[in-house]
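Letter by letter, the chains look like this.
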Amino acid sequence: MLNQELNPSTPNSMMAATLKEASVKFGNFTALQDISLDIPEGDFWTILGPSGCGKSTMLRLVSDLIPAASGEVSVLGKSTQEARLAREFAFVFQDATLLNWRSALKNVELPLEIGRKRGIDIPKGNRTPRELLKLVGLEGRENALPHELSGGMRQRVAIARALVCQPKLLLMDEPFGALDEMTRDHLNLQLLEIWKETGTTILFVTHSIAEAVFLGQKVLMLQAHPGRVKELVDIDLPEPRAVKVRDTAQFTAYCSRLRELLEEC
Amino acid sequence: MTAIVQNGNAADANNEVADRPSRNYKNLSNFAVPLGTAISLIAIWQLGVRLFDVPTYIAPAPSDVAFTFVNEFSLLARNFWPTFIESVSGFIVGNLAAILIAIAFVHSRTVERAFFPIAVFINTIPILAIAPILVLIFGSGMTAKIVIAALICFFPTLVNMVRGLQAVRPETLELTRILSASKSEVFWKIRLPSSLPFLFSALKIAATTCVIGAIVGEWIGADVGLGALIIDSTFNFRSPLLYATVFVSSGLSVLMFVLVVITEKLVVRW
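Residue numbers (this note's numbering), protein chains in the order written: chain B, 1 to 265; chain R, 266 to 535.
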């Protein structure tokens with residue numbers, strides 16, 4: 001593992017995540033086969049594909065939740081385990097996964113508490129939990145319990161919690177999938193602002209073609225059986241993205257192109 | 266009867282129970298309807314006993330029971346406290362044991378496989394069958410009654426606590442893994458708090474069954490306690506005292522239940 005860091009020929013330090021012919025197997029089932037990708041630091045990639053193509057599996061592979069059956073995965077030039085221990089990445093789930101008995105603020109503080117008593121050096125971000133709640137637009141709701149917040153608000157708490165250790169890589173698994181369209185649009189814009197402000201790399205899994213095109217600088221299209229890369233599509237839309245970009249012909253063209261690709265899968 | 270129920274409705278409008286603050290009139294009438302029904306049943310009982318001239322030793326009128334309750338209050342109180350202490354001690358011992366064993370089960374599959382069948386077996390023995398054995402072992406003092414009360418609390422709490430500790434969603438466990446949390450952090454910060462709603466449902470069951478355990482223990486061999494008083498007043502045909510004792514026993518169960526509910530409200534706020 002150390003070899004990678006010492007090896008000057010690999011430009012891993014510039015890469016938020018690198019996969020080299022990585023495969024994931026669950027028993028006899030091949031969830032991902034020979035995935036090779038370089039995801040540069042600071043990029044915003046969205047991942048699209050039919051059900052069962054391994055979108056979530058890919059995020060779980062990068063975040064050290066699932067081991068690779070073969071191939072290599074590294075995050076910021078480290079092994080996924082080292083990156084996890086150093087809190088280089090954070091994960092946002094489809095469900096907010098907040099602890100029901102903790103207030104919004106206490107939920108955001110959770111990552112700072114884990115490991116503190118064991119003397120582990122937890123990277124503190126340059127924003128306090130309070131400031132992060134303000135960043136996601138929840139100022140004044142610090143003491144609210146999760147059941148007192150709407151679905152969108154809970155997901156924003158989860159995003160604030162993910163940002164508290166200032167991760168260089170943010171992995172998001174359909175975070176807005178369960179929300180209504182209005183809330184989803186609003187959170188999409190907010191996420192783009194957060195991305196600009198923090199400069200973090202984002203890998204964002206979604207089912208929605210429009211969301212993938214609106215958010216991503218690149219859309220990674222996966223196909224199923226076994227899960228592998230179908231195509232990596234550059235999205236060349238004006239930045240910063242505004243809602244009205246969706247009405248442009250360019251946007252529609254990207255969407256129909258991706259829909260065609262999805263149908264081929 | 267309908268008329269009486271409606272009267273009860275109106276009369277008890279100000280009798281708000283410590284349920285939750287700021288209830289509206291609809292909830293108040295929800296409470297008044299069962300109370301009105303109870304009052305009318307007692308009235309029917311009183312009328313029936315007087316109309317058909319039922320002898321007091323077979324079925325005393327509610328007024329006789331109330332009269333005895335006031336007159337024999339010190340006797341009832343003297344026998345209330347031993348049962349109260351046995352119930353509370355049994356409640357604490359039985360539930361604490363169940364909680365600790367549930368924690369062991371969740372942390373080790375081997376321990377669970379080794380001891381869960383035994384726990385099920387103990388649960389299948391009727392409490393009335395095991396009570397004499399425990400009285401033989403622990404003697405006629407309080408210990409036997411506490412053990413019986415503890416035993417009756419044990420199983421529901423064990424089962425619920427195991428379920429509660431395992432009721433953590435897979436995503437939450439993935440979150441703890443991403444945060445590289447230790448086993449003890451997962452336990453204290455995630456598993457234990459998320460088990461509390463399950464634990465309190467079990468404690469609500471235990472709050473009433475521990476009183477049954479203590480009273481059954483007192484039936485087998487005791488000279489004080491509500492159980493002993495029940496046996497004593499039955500054999501002496503002192504039916505009003507028997508009925509009064511039964512009401513005190515049920516009052517004790519209600520008290521235990523309410524204490525658990527209040528604690529739950531304070532602890533489980535989510």
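No wet-lab data here; the hints were simulated from the structure.
Errors might be hidden in some of the hints.
Under 7 Å between C-beta atoms, here's a sample of chain R residues computed to sit facing chain B [said to hold, decoys possible]:
#1 P435
#2 E439
#3 L440
#4 L444
#5 A446
Predicted model, so just to flag it, every value in this text is computed and none were measured.
In this text, a Cβ means the ideal position worked out from N, Cα and C, and glycines have one as well.
Evaluation of the provided hints:
1. P435: violated, 10 Å
2. E439: holds, 6 Å
3. L440: holds, 5 Å
4. L444: holds, 4 Å
5. A446: holds, 5 Å
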